[in-house]
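Take a look at the letters that make up each chain.
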Amino acid sequence: MAVVREITFAQALNEALDYEMAKDEKVVVMGEDVGVYGGIYGVTAGLYDKYGPERVRDTPIAESGFIGTSVGAAATGLLRPVVELMFIDFLGVAYDQIYNQAAKMRYMFGGKAKIPMVLRTTCGAGFSAAAQHSQSLHALFVHVPGLKVVMPSTPYDAKGLLISSIEDDDPVVFIEHKGLYAIKGPVPEEPYSIPLGEADVKKEGKDVTIVATAAMVHKSLEVAKKLEEEGISVEVVDPRTLVPLDVDTILNSIKKTGRLVVVDEGYPRCGFATDIAALAVSRAFDALKAPVKIITPPATPVPFSPALEKEWIPSSEKIEKAVREVL
Amino acid sequence: MVVEEIPKETLLWMYETMVKIRVHEEKVAELFAQGKIPGFVHLYVGEEAVAVGVMANLRKDDFITSTHRGHGHYIAKGGCIEASMAELFGKKTGICKGKGGSMHIADLDIGELGANGIVGGGIPHAVGAGLGIKLNGLDSVAVAFFGEGASNQQNFHEGINIASIWKLPVVFVCENNLYQISLPYSKQQAIKSVAERGKAYGIPGVAVDGQDVLAVYEVAKEAIERARRGEGPTLIEVKTYRFRGHFEGDPEVYRSKDEVEWWKKNKDPIKLFEEKLLSKGIATKEELDAIWEKVKREIEDAVKFAEESPWPTKEDVVEDVFSTPTKGVLVWQW
Ligand SMILES: Cc1ncc(C[n+]2csc(CCOP(=O)(O)OP(=O)(O)O)c2C)c(N)n1
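The listed protein sequences correspond, in order, to chains A and B. Going by this note's numbering, the first sequence opens with residue 1, and the numbers climb by one from there. Going by this note's numbering, the second sequence opens with residue 328, and the numbers climb by one from there.
Hints should not be assumed to be uniformly reliable.
To be verified - Okay, derived cross-link-like pairs now, DSS-like style, lysine-lysine, Cα gap no bigger than 27 Å in a straight line:
#, chain 1, residue 1, chain 2, residue 2
1, A, Lys26, B, Lys494
2, A, Lys112, B, Lys594
3, B, Lys654, A, Lys203
4, B, Lys387, A, Lys256
5, B, Lys641, A, Lys112
6, A, Lys26, B, Lys387
7, A, Lys202, B, Lys654
8, B, Lys419, A, Lys112
9, A, Lys112, B, Lys418
10, B, Lys607, A, Lys255
11, A, Lys112, B, Lys598
12, B, Lys631, B, Lys354
13, B, Lys623, B, Lys419
14, B, Lys654, A, Lys26
15, B, Lys654, A, Lys206
16, A, Lys112, B, Lys654
17, B, Lys387, A, Lys112
18, A, Lys23, B, Lys418
19, A, Lys50, B, Lys363
20, A, Lys202, A, Lys289
21, A, Lys310, A, Lys225
Don't read these hints as lab results, they were simulated from the structure.
Make a model of the complete structure from these sequences and hints.
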């Protein structure tokens with residue numbers, strides 16, 4: 001078997017963009033500093049030189065304006081915009097264009113509109129960036145019907161899922177955890193797509209299921225590895241796309257292990273973790289041998305001080321403790 | 328603009344379309360009062376010359392974005408009245424299958440990218456259409472319609488700025504009907520005219536009498552031709568007035584009956600245009616009367632179609648959320 005080279009999560013995304021831009025002239029990239037600068041996390045690096053300023057467009061700081069521009073361009077069928085919102089925290093200044101416009105047009109127009117656009121954005125704490133640059137607000141997108149929501153955890157998934165997202169005719173919110181950009185993993189050079197709505201069992205196990213998202217997948221895998229040494233077998237399920245949700249894979253895992261821990265960096269109330277917990281108790285209650293455990297940050301804004309932030313982010317210790325508690 | 332410069336065919340289309348909007352809207356008011364049309368209804372009576380004067384310059388492959396007061400835009404862009412009437416009733420045969428209603432009338436097949444329940448929400452969509460046109464090397468244009476109230480909203484400023492820096496083929500048409508629900512223009516912004524805002528974005532800003540369809544036609548023509556030539560956007564402020572309340576059922580405590588009567592008597596766009604067509608000998612009274620009769624029958628037919636149409640079924644509730652089927656659960660139901 002050929003050795004697959006390892007590249008970073010950011011490079012994997014870049015390859016997906018490059019592939020789609022080369023393949024389809026309608027794909028345009030826009031956002032703040034995506035051009036010469038290459039995106040503040042380097043995801044769009046090199047695209048400006050390759051595809052020029054018409055297709056890689058630097059925008060003014062007008063999130064509602066340029067996200068709305070993408071919505072309109074997509075609705076006409078003339079373009080397939082991939083638009084970057086620098087931080088998910090800035091969503092508030094443009095939220096209407098996402099949840100009232102992009103998400104609702106198809107339904108409100110009786111199925112006539114297609115909105116083939118991708119909104120790429122970044123989430124995640126851990127950088128002392130304080131409360132306005134560290135949030136994981138994916139639940140706000142999952143909450144609203146009409147949006148597909150993707151949240152990859154590995155470079156391999158990032159490339160395959162971004163390709164699928166750009167080729168999808170619906171509005172997709174593609175959420176990238178800032179802590180993952182630099183991680184490396186095997187990624188084939190050739191393009192490939194991962195279907196939206198297909199969860200990935202990142203590690204098989206028999207005793208406990210952990211459902212985890214984005215950076216939390218890696219923490220959960222560490223915990224699983226550690227516990228394996230003690231003979232505790234943990235299954236780690238990464239939904240990868242939050243909408244559509246691969247309910248079958250999640251429920252099958254819960255039915256197999258009979259125990260569930262959900263780990264998510266979003267806020268605890270009405271969040272993604274509570275959603276999965278509700279799914280488990282309403283659809284797999286008979287299989288559960290212990291109460292479901294939910295590990296999320298507390299319901300506070302994200303603190304600045306590294307000492308406080310470390311406490312705020314779900315830790316391996318908390319995940320491990322939760323696993324032991326459900327056993 | 329003098330009528331002699333416009334083909335008679337266009338002039339008669341303009342007249343007929345204004346009449347169509349007027350008769351449509353008055354019929355809708357009646358049906359709403361009878362409880363046959365549910366929801367919020369914002370009518371365009373008094374503002375007919377705006378949609379018609381602009382749309383007379385547009386082609387089918389041009390795009391528009393509309394507002395909560397969008398019936399006039401839809402009709403003037405060439406929409407199907409039977410389908411929109413059925414939509415107002417919430418019927419399955421509606422243009423949006425009964426899922427949008429008055430505030431969301433849309434028809435992408437004729438370049439109508441949608442009425443909008445969010446004030447200002449559609450403005451950047453026209454900018455996006457403009458971007459699509461430009462990058463595809465087409466000579467179409469996109470027109471954003473919005474009220475003067477919306478011109479205080481972020482999407483106006485951000486959208487117009489983007490269109491201006493990118494020189495997109497977009498025309499921004501502000502329908503200044505003097506009220507943002509109850510708030511008069513003088514209390515919405517400190518400048519004399521919305522058109523002045525063009526200056527802030529480095530684009531032409533023109534104000535025009537919106538009760539004179541020929542004046543609107545002329546200003547729109549210039550702006551649209553400019554956009555088609557690749558010279559970028561224009562902001563047009565159309566000074567107009569709505570003859571009815573903000574929405575049907577509005578008690579209208581914020582303006583006097585005298586004021587409304589003055590506008591109806593002196594500035595009715597249809598009456599003014601009719602006088603011109605007659606005095607210039609472009610049409611006879613009989614010809615114009617025949618237009619009213621024809622239009623009334625058309626609207627009656629649309630109402631009949633809507634009334635006789637079936638309701639959507641319960642299965643329709645979960646249809647039309649997404650277009651690309653995928654694995655996993657897309658439409659959640661416990
Ligand atoms: C963002 C937003 N804020 C408030 C409203 C409620 N609203 C609906 S129409 C309207 C007034 C709009 O005034 P204007 O833009 O001048 O348009 P007009 O109704 O006069 O045609 C308001 C406040 C809304 N629909 N959307």
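Results for each hint:
1. For the hint pairing Lys26 of chain A with Lys494 of chain B, the CA-to-CA distance comes to about 19 Å; that is within 27 Å, so the pair holds.
2. For the proposed pair Lys112 of chain A and Lys594 of chain B, the alpha carbon gap of about 38 Å is over 27 Å, so the pair is violated.
3. A hinted pair counts as satisfied when its Cα atoms are at most 27 Å apart, and Lys654 of chain B with Lys203 of chain A qualifies at roughly 21 Å.
4. A C-alpha spacing of about 58 Å is found between Lys387 of chain B and Lys256 of chain A, which places the hinted pair above 27 Å, so the restraint is violated.
5. This hinted pair checks out: Lys641 of chain B and Lys112 of chain A have alpha carbons roughly 19 Å apart, not beyond 27 Å.
6. For the given pair, Lys26 of chain A sits about 22 Å from Lys387 of chain B by alpha-carbon distance, which is consistent with the 27 Å threshold.
7. At roughly 18 Å between alpha-carbon atoms, Lys202 of chain A and Lys654 of chain B fall within 27 Å of each other, so this suggested pair holds.
8. For a cut-off of 27 Å, the pair hint linking Lys419 of chain B to Lys112 of chain A stands: about 14 Å separates their Cα positions.
9. The hinted pair formed by Lys112 of chain A and Lys418 of chain B meets the criterion: a straight-line CA distance of about 16 Å does not exceed 27 Å.
10. Among the hinted pairs, Lys607 of chain B with Lys255 of chain A is inconsistent with the structure: their alpha-carbon atoms are about 83 Å apart, more than 27 Å.
11. Between Lys112 of chain A and Lys598 of chain B, the direct Cα distance comes to roughly 37 Å. Violation of the 27 Å bound is thereby established for this hinted pair.
12. The suggested pairing of Lys631 of chain B with Lys354 of chain B holds, with an alpha-carbon distance near 12 Å, which does not exceed 27 Å.
13. Pair hint Lys623 of chain B plus Lys419 of chain B holds up; C-alpha atoms about 24 Å apart against a cutoff of 27 Å.
14. Restraint check for Lys654 of chain B and Lys26 of chain A: the C-alpha separation of about 25 Å stays at or below 27 Å, so the hint holds.
15. This hinted pair checks out: Lys654 of chain B and Lys206 of chain A have alpha carbons roughly 25 Å apart, not beyond 27 Å.
16. Annotation: proposed proximity of Lys112 of chain A to Lys654 of chain B holds, straight-line Cα distance about 22 Å (limit 27 Å).
17. For a cut-off of 27 Å, the pair hint linking Lys387 of chain B to Lys112 of chain A stands: about 17 Å separates their Cα positions.
18. Annotation: proposed proximity of Lys23 of chain A to Lys418 of chain B is violated, straight-line Cα distance about 42 Å (limit 27 Å).
19. For the proposed pair Lys50 of chain A and Lys363 of chain B, the alpha carbon gap of about 58 Å is over 27 Å, so the pair is violated.
20. For the hint pairing Lys202 of chain A with Lys289 of chain A, the CA-to-CA distance comes to about 23 Å; that is within 27 Å, so the pair holds.
21. With a C-alpha separation of about 22 Å, the suggested pairing of Lys310 of chain A with Lys225 of chain A holds against the 27 Å cut-off.
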